[in-house]
Structures are given as C-alpha cells and as structure tokens.
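Just so you know, the protein sequences line up as chains G and W, in that order.
Our numbering puts the first sequence at residues 1 to 265.
Our numbering puts the second sequence at residues 1 to 257.
Derived by calculation from the structure, the hints in this document are not laboratory data.
Predicted, not measured: the structure shown is a model, and the values here were computed from it.
C-beta: ideal position from N, C-alpha, C; glycine also.
Check each hint, because a few of them may be wrong.
[Unchecked claim] Calculated pairs, BS3-like style, for lysine-lysine (alpha carbon to alpha carbon, straight line, at most 27 Å): (1) G:LYS44 with W:LYS59; (2) W:LYS199 with W:LYS152; (3) W:LYS178 with G:LYS218.
[To be verified] To give an idea of the interface, some chain W residues facing chain G are shown, with a C-beta separation under 10 Å as derived from the structure: (4) MET184; (5) LEU219; (6) GLU221.
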Amino acid sequence: MATEVEVHVHVQTHDGIGLIRLNRPEKMNAIGALTRQQLAEAIKQAERDEAVRVVVLTGSGRAFCSGADVTEMVQGAGMRTPEDVGNVLRNEYMPMLTRLRTMPKPVIAAMNGPAIGIGASFALACDIRIATPESYLLEAFVNIGLAPDGGVSWLLPRLAGTGIAYEMFFTGKPLSAADAHRLGVINRLVPADRLEQEVRELAGQLAAQPRGALAGAKRAVTHALESTFEQALEFESYLQEAQAASPEFAEGVQNFLARRKAKQA
Amino acid sequence: MAYEHILVEIETPIATVTLNRPKVLNALSPDLIHELTSALADLDADESVRAVVLTGGQKVFAAGADIGDMADRSAVDQLSRDQTGRWAPLAGFSKPLIAAVNGYALGGGCEVALMCDMIVAGETARFGQPEINLGIIPGAGGTQRWPRSAGKYAAMEVMLTGAPVTAQRACELGIVNKVVPAEMTITIAKRLARQIAEKPPLAARMAKEAVLKAFEAPLAEGLASERKSFYFLFATEDQKEGMHAFLEKRKGVFKGR
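Excised from the complex, chain G in its bound form (with noise of 0.2 Å):
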C-alpha cells in the first residue's frame, strides 16, 4: 500500500501572490527532512514562477516556525554525523536562504508567532517581516551548545547591529517582537486576528507595483551589500538605464503627469 506524502509545506498562488505556509502546527512547524524538501522546492516555484509577483513565507497554528526538528536529529534521520550537520546548513538549507534574500521579488515574512534557530533565519533571509506582538526571534543555538547557523550571523548583525546580534547568541534569549519592532528588525506589528488580512494588504500592494522596478530595488540590494559605495552607485546607474527603457518607466511618467494635470483641473 502506497504511503501518502505528508504535506509539511503548503503552496497556494492567488492574485500574483505566493504563499508558502509551513504546515506542521503540532510541532510547531519543525523543519524535518522531508520540510527540507517540500519548503526547497516551494520557493524554488515560487522564483520561478512568473504569476507569483510576491512571496509570503509564514506558519500555521503558533509559530512560525520552532527551527530544526531536533526530535528527528536525535533519532539520527539523515543527521547522524557533525558532517550531516553541516552538509544539510550547505546543501540545503544555503541554497533555500539564497533564494529566498536574492530572488528578484519581494518575499514577506508573516510572522504567526516565534521564529527559532533556522526559522529566525527564514524569517530574517525575507525583505519585508510583519509580525503580531506574541511572536519572537530566537538564536537558541548556545543553549544547546552551537554556534549560529542559517545565514544569522551576516543576516542579524546587519538588521539589528553586532550589540543586538551578539546579546541573541551569547545569551541564547528571545528578541521580544516590540523589541525587534522597536529595532527596525521587524517592520510591522499587529494584532494576531488581522495579521493576514495586513499581509494581504501588502502583498497586494506590491503586486501591482511595476515588476522591473521591484526586481531593480532587490538586484540593486544584493549588488551592493557586496559592494562599495562607487561600485553600488555604477550598478545603480546601469539598473537605472535599463529600467528607463523599459515600459514601466513610461507608463508611470505618464500616469503621474495624468496625475498632476488631474489635481490642476
């Protein structure tokens, strides 16, 4: 008898948005090997795919997403050597958080609720976080006796500074959301009843927005957090040349000039 594959990530494209929801609520949304899989193969699509405009990477039920399944790594799935460890972080884990930070569309985290160990590094590897106030981040590696992983140690000392960053991973303590908020680390706080409905809001936002533009706005991002500040503006002014040729750049002028002589009449 075959087995059904269980569904530990699931996709829906509506509207030019593309929601990716981690579907394990009973374990907090875990990442397990099979995770793994699904969640590569989701935001592979969701690059890909020409009708998604805009990504939203978010939990069901409590969390967002309570990091590696520790339970699975004990029971040795796939795990069993340091090596695995760290095959897993190269092999799969880097390819997913480069996509998700470098993909050219805007990917916004729904933060449910807390964000651990690999899900704060999902949640940080998105452009955009809206999050309600019960949610958290967590660098929970120095509790059991890891260094950070997934991406944080670039991700957070840039969103949050190097103070912040190390306090999370000498201490192994919560970032609180009004904290993180307060940071600027989390853009949007509200409410956990009108979460999707804020999210919704704002994806659909950004899905009407010229694509060439957007794709620019995160081109010109990745390009220059590698670069200097010469090198960033030369990007820039090539990016810029392109996207003035482009249709985008003259149909907004012309709304906006249709804008102007509406608001003289």
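Starting from the structure of chain G, add chain W where the hints point.
Just chain W, lined up with the frame of chain G:
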C-alpha cells in the same frame, strides 16, 4: 560571408560577434569555431573596425564543447583535428576584444572569455572549468590563463573541483572587469568598445601586444619590447595628432597611420 552559428554585426568603428546556437547553450562545435575564427580574421583585417565585442547573447555565453561529438573519440582523432589549436585567430587577435558574458561561461566557453582582453559580466554569470568531471582537463588555455590572472590557488580550485564561480567572485579574482545588470552587459561592453575605438588604433594595438607580452616574456625582454613600441609610435601620424591636439586643448582625430 553568411554564417550559420554566429552573428556578426558591424557598427563602425566597432563590431559585435554573437555565438548563436542558443538551443545547445552555444556549445563550441567545430563548425562554430571555424566560423568564429574566420569572422575574427576578417575583422582583424577590416580597417574600419577598431574594437570587437564577443558575446553569447542575453542568456548564456558558452557552455563548453560538444560532448556528444567527442565522447567516443580517440586521442589520435583529437590530435589530428587539433581543435584547440584552431583558436589562434582569437588568442592572436590584434585589436581590443571584449567579452560580454551572461549566464554560463563553462569549459571551452570560459577559455574563450579568458582569451579576450577584457570581460564584462552580467550579475548572474558563472565561470568555470568542469572538464575534470568528464575525465579530461581544459584544452584551450584554461590551465594557463586562469593562474596568470587569478593566481595559482584560485586556479587550482577551479580546475580540481570543477565548481564554477560567480561573477562577483570572478571580479574579485581579477578575471572580470565589471559586474553589471545582465540586461545591460552587451550594451556596456559595446560602450567600452566604442570608448577604446576612439583611441589611436596603433597605440591600442601596441598596448595590447605589450600587456600580452608580460605573460610570455621575462621582465627585461618585456621592458625592451615595450620601449621599442614606445619609440615606434613616435613614427606615427596619430602620435603627432595626439600630442598637438592635447597642446591645442582639442580632441584628437586618429587615422591609424
């Protein structure tokens, strides 16, 4: 001359050669190599062309040789065809040659890019020598040109692992001049070519020769050769024009004489 596997577009004073077998990722077949090298020989002889851009188009530069064509060949077959030796018109091209690389430049494709004088790469370009995965090594200069530009250790990693490097990494390693948005790669390479095409062509030719000499000759020989070219250029009309234009605060007009 009409070509089947490449496109040649002359917009004097520059020309653009585009590898044009997109269905096979511009695989470097014997026919393509033949067309490319004969086109370059023509452009080298065409006085109205002063700089050339070599590209594979928007999606891919060239992803290596035709493996299907060579899988079952013998060593003697390969030697007698001496495909790699046929690159001489590219490696020995006398005018500035700029590679505009988008997507993969792998194996022979990467080696072709390295034979050019400058490389403009789109942000998503990848450079690599995956030959080792097939039980061979690069055969069109990869093992020699990589270490000369990127150094021994980076070159070894590229040759021995077969893993490609990103455009940004290639730039850090010194084999890419500029990383640009992919849709602008060819435009920017052409612009660079036009900028160079305004320079006195004999000086550009001597400068190119002198720089390439640095990879071949001991320092004393390179310096001696550089000095001779330096003196030689004082025998050209363009040197007189260049220096007088400078003194008269106007832009020089160069004839290649």
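We went through each hint and held it up to the structure:
1. Between G:LYS44 and W:LYS59, the direct Cα distance comes to roughly 19 Å. Compliance with the 27 Å bound is thereby established for this hinted pair.
2. Under the criterion of a C-alpha separation no larger than 27 Å, the hint pairing W:LYS199 with W:LYS152 is inconsistent with the structure, at around 34 Å.
3. Distance check on the hinted pair: W:LYS178 and G:LYS218 sit about 19 Å apart at the alpha-carbon level, within 27 Å; holds.
4. For W:MET184, the interface hint holds, the least distance from its beta-carbon to any beta-carbon of chain G being 5 Å, beneath 10 Å.
5. Interface restraint check: W:LEU219 against chain G, minimum CB-CB distance 32 Å, threshold 10 Å, status violated.
6. A distance limit of 10 Å between C-beta atoms decides the matter here; for W:GLU221 the minimum to chain G is near 36 Å, and the interface restraint is violated.
Checked against the numbered hints listed earlier, the structure breaks hints 2, 5 and 6; every other hint is satisfied.
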